[in-house]
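Undergrad: For reference, the chains in residue letters:
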Amino acid sequence: MRIALFVTCVNDLVFPGTGRAVVRILERLGHTVEFPLEQSCCGQMHANSGYRAESLPLVRGFVDTFTGYDAVVAPSGSCVAMVRDSYPRLAESDPGLAAAVTDLAPRVYELSELLVDVLGVTDVGASFPHRVTYHPTCHGLRMLRLGDRPLRLLRAVRGLDLVDLPGAQECCGFGGTFAVKNADVSAAMLTDKCTAVCDTGAAYVAAADNSCLAHIGGGLSRRNRSSPAPGVRAIHYAEILAGTGQERS
Amino acid sequence: MTGGTGNIVAPLPFPTAARRELADGQLRANLRRATHTIRDKRLRVVGEVPDWEALRRSGAAIKDDVLARMPELLEQFEAAAIAAGATVHWARDSTEACAVVTGLVQQTGSTEVVKVKSMATQEIGLNEALAEAGIAAVETDLAELIVQLADDTPSHILVPAIHYNRRQIRDIFASRMPGVDVASLTDEPAALAEAARRHLRAKFLSARVAISGANFAIAETGTLAVVESEGNGRMCLTLPETLISVVGVEKLLPTFRDLEVFLQLLPRSSTGERMNPYTSLWTGVTPGDGPQTLHIVLVDNGRTETLADPVGRQALRCIRCSACLNVCPVYERVGGHAYGSVYPGPIGAILSPQMTGPDAGANRTLPYASTLCGACFDACPVRIDIPQVLVHLRQRGVDARRGRPSAERTAMQAMSWVMRDRRRYAAALRAARRGSAPLRWVTGRRGQVRRLPWPLSAWTASRDAPLPAAETFRDWWAGRDRSTHGGGRS
Chain W
1 MRIALFVTCV
11 NDLVFPGTGR
21 AVVRILERLG
31 HTVEFPLEQS
41 CCGQMHANSG
51 YRAESLPLVR
61 GFVDTFTGYD
71 AVVAPSGSCV
81 AMVRDSYPRL
91 AESDPGLAAA
101 VTDLAPRVYE
111 LSELLVDVLG
121 VTDVGASFPH
131 RVTYHPTCHG
141 LRMLRLGDRP
151 LRLLRAVRGL
161 DLVDLPGAQE
171 CCGFGGTFAV
181 KNADVSAAML
191 TDKCTAVCDT
201 GAAYVAAADN
211 SCLAHIGGGL
221 SRRNRSSPAP
231 GVRAIHYAEI
241 LAGTGQERS
Chain V
1 MTGGTGNIVA
11 PLPFPTAARR
21 ELADGQLRAN
31 LRRATHTIRD
41 KRLRVVGEVP
51 DWEALRRSGA
61 AIKDDVLARM
71 PELLEQFEAA
81 AIAAGATVHW
91 ARDSTEACAV
101 VTGLVQQTGS
111 TEVVKVKSMA
121 TQEIGLNEAL
131 AEAGIAAVET
141 DLAELIVQLA
151 DDTPSHILVP
161 AIHYNRRQIR
171 DIFASRMPGV
181 DVASLTDEPA
191 ALAEAARRHL
201 RAKFLSARVA
211 ISGANFAIAE
221 TGTLAVVESE
231 GNGRMCLTLP
241 ETLISVVGVE
251 KLLPTFRDLE
261 VFLQLLPRSS
271 TGERMNPYTS
281 LWTGVTPGDG
291 PQTLHIVLVD
301 NGRTETLADP
311 VGRQALRCIR
321 CSACLNVCPV
331 YERVGGHAYG
341 SVYPGPIGAI
351 LSPQMTGPDA
361 GANRTLPYAS
371 TLCGACFDAC
381 PVRIDIPQVL
391 VHLRQRGVDA
401 RRGRPSAERT
411 AMQAMSWVMR
421 DRRRYAAALR
431 AARRGSAPLR
441 WVTGRRGQVR
451 RLPWPLSAWT
461 ASRDAPLPAA
471 ETFRDWWAGR
481 DRSTHGGGRS
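Protein chains in written order, with full-length UniProt numbering: chain W, 1 to 249; chain V, 1 to 490.
Hint data in this document are derived by calculation from the structure and do not stem from the laboratory. Owing to the predicted nature of the structure, the values given are computational and were not obtained by experimental measurement. Positions of the beta carbon are idealized from the N, C-alpha and C atoms, including for glycine. Hints are supplied without guarantee of correctness; some may be wrong.
These stretches of chain W come out as covered by chain V in the derived footprint (C-beta under 8 angstroms, 3 or more residues) [stated by the list, open to error]:
1. 4-14
2. 43-52
3. 113-124
4. 166-176
5. 195-202
What the simulated footprint calls covered on chain V by chain W, stretch by stretch (three residues with Cβ under 8 angstroms from a Cβ of chain W suffice, anywhere in the stretch; the number is not a length) [stated by the list, open to error]:
6. 17-25
7. 197-204
8. 328-341
Here chain W stands alone, though its shape is the one from the complex (with noise of 0.2 angstroms):
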């Protein structure tokens, strides 16, 4: 099976880890995984901001990328939902995009679901001796339905003391450029997200987004600064897989 790799544009600049940490996992699984140079971006942020028109290049550039593959997969629940999502809607207007589209999107998928549905694995025989927390993400969730995939994934650490995040449906404020445009309503948000997953004792603090990850992360690391004590961290569960235990670079 050909594999490709959408790293996203967030985690190729600023979160390679995460990318480094998926190749580790399928690797060890013993699959060999192409990265094509010639991704970029999903186009998520010009399209939920209302660029249609700067986002379709984009979808282009994706499509074209990564027709060839039997499965494309990506660590972020969002950049996902956006190809399987939104594609449809944004290349209605172009009948040779739109099948393309038709064509791929189902075989583009969020690592868990490709570990777990694909590959049929739950055990990638990682070790993780700390105690986690899972926020699911609101794109993980609702749409694409990750359900428990990546909570089965993260039981069958070695190690790893997985513990319930209270409201941990509810979303963490990001939003892409909500949380620049409505600061003060996405901060009152990451507040309360923060504040529970502080409240579980968890040593790190999991998701498969580094987009909200890095949001919760500079909350975490915002209170961390007044307090002596070492903080959570935030974390991609695929660093968690990949069995580092090291932490976020």
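Starting from the known structure of chain W, arrange chain V on it as the hints suggest.
TA: For chain V alone, coordinates are given in the frame of chain W:
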């Protein structure tokens, strides 16, 4: 057709109004408690219905049929209502609707009317218009009465006084309710309800004119329906001689049978009840029983404009259950007043700017008052894809302003141009990494920075920001490709 007018125009941009509301800690506590209570109740009773998803789809399909046949069904409704003895009036906007109702009340010679809670009359600003004509309108819904006595505006579609707690309500009654026995008034719900009952009973028995809205208008029979919890609505609908019902044109259902679907969807979604305590249906007039004169005012007020948008028109399926408000994390933090319209929350964010046109007041800011988390779509009993419409309205706004300069558009265009070409994109990633290198050195190994320049200062006002990594993923990949594929790197 002109856009809608009245209390659906936000006076302040959402971020500004939201900041004001966020400062009120008591409000946030009240909202959190109330929305979570209703939310949990709703989840419980919806979970009891095995065919809930099928019911939602039926509700959406029936309403889509109404939207597709609006003119035909309205004429059918009008003919049936007239045949049953009602008089039907049409109003294009809030000004016309208020003028019609005021004229009708004046014809009766009454200077006081009782009202059953109605979003349509809130929307058109009827109470204010009646007051100008020297007519006092008495709200009889308990929560609406609280808001009216407090000289406030509703902050929720279903629970207009959601932003008050019991103690605050007690104080409002004590200081504002005529004839209340202040000494014995406690903040017990029973005591508050009793005080309101005494106050309202006198009004019901003396009122000759009542004003209502309607939850449903049945085209087949000309029937109107109101569902409620307290019975005060039924008092309004049955005791006075004259009843004036103000109804938005989207309230139609094609047949009587369709009520079957909506009387299951609405109470479970709105109050978390299996069935609402009072369902009142009336068709024209019946000699010797109930009101002897019935006027029905059918209000457009921007609904036809909304209907013209193929994506946005699904907002007109709304049955005002307010389930989307109760699950919305944004509404939970800021309450209804931040939206500046009688339709707050997620549904208001798509309904208000469509009804008025996006350039009315600050309504242009409403489609951005959401993180697109999708909780509203999951909760909506008629499957309005609110996130999709929010994005669609943002897009309409961007497209409408293509000719004007905008820093945001320039940035979006530049990013799109860079990102659609592999070499440009790789170069940009490298530049971003290099540009941030000094910051990385200053901030240490964690790579979190505390203060960024505008516009990212809005981000760092409340959270640290991550910095570009020392090496992009693609550079790592390229380096790995050049060496042997040993793996084990991270």
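Undergrad: Let me make sure I understand: some of the numbered hints might not hold for this structure. Which ones are they, in numerical order?
TA: 3, 5, 7
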